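Given the coordinates of chain Z, work out where chain W should sit on it, guided by the hints.
Here the protein sequences come in this chain order: Z and W. Read in the working numbering, the first sequence has 147 at position 147, and its numbers run on one by one without any break. Read in the working numbering, the second sequence has 242 at position 242, and its numbers run on one by one without any break.
Hints are computed from structural coordinates only; laboratory data are not their basis. Computed from a predicted structure; not experimentally measured. Every residue gets a Cβ at the ideal spot worked out from N, C-alpha and C, and that includes glycine. Treat each hint with caution, since some may be false.
[What the hints assert, rightly or not] Think about it this way: if two alpha-carbon atoms lie no more than 27 Å apart in a straight line, the pair counts; the simulated DSSO-like pairs of lysine-lysine are:
| hint | chain 1 | residue 1 | chain 2 | residue 2 |
| --- | --- | --- | --- | --- |
| 1 | Z | Lys226 | Z | Lys120 |
| 2 | Z | Lys6 | W | Lys57 |
| 3 | W | Lys57 | Z | Lys57 |
[As the list claims (entries may be wrong)] Coverage of chain Z stretches by chain W, computed from C-beta distances (three or more under 8 Å per stretch; other residues unrestricted):
| hint | stretch |
| --- | --- |
| 4 | 7 to 17 |
| 5 | 23 to 29 |
| 6 | 44 to 56 |
Number of protein chains: 2
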Amino acid sequence: MTIDGKTRLIGVIGDPITGVRSPEWFNEMFERQGINAAVVPMAVKAQDLQPVFEGLKRIGNLDALIVTMPHKGRMSALLDELGPAAQALGSVNAVRRMPDGRWMGDMFDGRGCVEGLREKGHDVSGRSVFIRGIGAAGAAVAFAMAEAGTKTLVLDDLDSSRVDAVAERVQAAHPGTRVIVRPIQLQADYDFAVNCTPLGMKAGDPLPFDPEVLPESTVVVDIITKPEVTPLLERAQATGHRIHAGKHMHAAQAVEAAKFFGFDPAK
Amino acid sequence: MTIDGKTRLIGVIGDPITGVRSPEWFNEMFERQGINAAVVPMAVKAQDLQPVFEGLKRIGNLDALIVTMPHKGRMSALLDELGPAAQALGSVNAVRRMPDGRWMGDMFDGRGCVEGLREKGHDVSGRSVFIRGIGAAGAAVAFAMAEAGTKTLVLDDLDSSRVDAVAERVQAAHPGTRVIVRPIQLQADYDFAVNCTPLGMKAGDPLPFDPEVLPESTVVVDIITKPEVTPLLERAQATGHRIHAGKHMHAAQAVEAAKFFGFDPAK
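Chain Z on its own, in the form it takes in the complex (with noise of 0.2 Å):
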């Protein structure tokens, strides 16, 4: 790629910022398609997403941001529209500035889950989820489980306030699905069983659930991208289970974002 006076940006606002891999994804796309465009690494540290932003806006060639952590939740704040997940979750990935100079924030996390699991021929429709850990992401990927058309929603977290009031509005949302909230017991039928916490990150990291006590036609899922194979992953195929990685939600939802902003992945 060759940078010019006349590329368009795109940036990417984290912390931390550099383990972020949309900069290559998004690239290779712009070279493929002969695009004068660059998505570029921002770090930005939590309490400054405000100012930068305000500063963002005003630069004439850049187009559009990717958020990450931790400004997925601040970020929809300061926007002038919301799209429909963004809207319900309260929170964004990736926002852009529209023909009238506006800007407009919508999340495809969990989309992304979704759209990745079909890929690799896991239809969630009509089936039974669990999904641990109702953080930003979670949350995100619930939202989008439910828009699927999935019959049964499981939400666990530590933190009942917050998966509570996730159920509610995913409930409210999509009455076709039943959503339930902290199971006793993790030995049901679930279809799909995903971590959306952050444990396996780290070295030493307990497992979220153990995949043992699954029945074997359960699809383990984790959105975690680093390592590729997480101890629950690795864990799971010792168990005999079908193992799903975080790499394909992440490139779905790179193939989303990149609809949102305007460009056609598929060329």
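Structure of chain W alone, referenced to chain Z:
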């Protein structure tokens, strides 16, 4: 070049921005030297400089800025520290974050002009120099010429108050140079006649001065880079003068700014 989560950023801010050449120059150097950094263009309107800079300062992996029109003057007022040329001129073309987090700027346009001439075998020390157009660029060139030891410096601008002010500051800083404002006649025995007006950038511009009246020994210098051979330089060739194009100043100025940012362009 490949941009990833570890890439360091340097912005080029200006309006218009599409014609800047520093991204290509710097990024070619970074690629050659295996440095994970990128210079990216940023279109920033005059009235937006302060909020944009407030935001950019808070981006942890943005280490420096290249400052072009119309921000060179205003930016100098937003910095914590100024180098000697910036202090004398009240304008900057390069700013960087220092190890203690403060921001420092300096002006390398003028030094670029002197160095560009030197590289082509033209030493201005002890010589007489005529400069037409004493805006930010002309003032920078005047200051650097005096710093390099010109014997006589003749400054000419339609705006008599601004040329008087610059002449006074250059004279005070460099008493060894004789600084003269607005000559009655152009046909003095200048060794160098320099155009620092924007005349020649647009088709149909009048010449900033007619080289025909200059002795044949005078080197005619333009600081405009587009077109590479301006109507002034074309005319000077026709009248038998040696010419020196703006690209030399631009290249030398980039070298000076790169050194200020901590790189070694000679590597």
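Going through the hints against the structure:
1. Distance restraint check for Lys226(Z) and Lys120(Z): the Cα-Cα separation of roughly 20 Å lies within the 27 Å cut-off, and the hinted pair is therefore satisfied.
2. Our distance criterion of 27 Å between C-alpha atoms is met by Lys6(Z) and Lys57(W), whose separation comes to about 23 Å.
3. With a CA separation close to 15 Å, the supplied pair Lys57(W) and Lys57(Z) stays within the 27 Å bound.
4. A stretch counts as covered by a chain when three or more of its residues have a beta carbon under 8 Å from one of that chain; for the stretch 7 to 17 of chain Z and chain W the count is 5, and the coverage holds.
5. Check result for the stretch 23 to 29 of chain Z against chain W: holds, 3 residues qualifying (beta carbon to beta carbon below 8 Å, three or more required).
6. Check result for the stretch 44 to 56 of chain Z against chain W: holds, 9 residues qualifying (beta carbon to beta carbon below 8 Å, three or more required).
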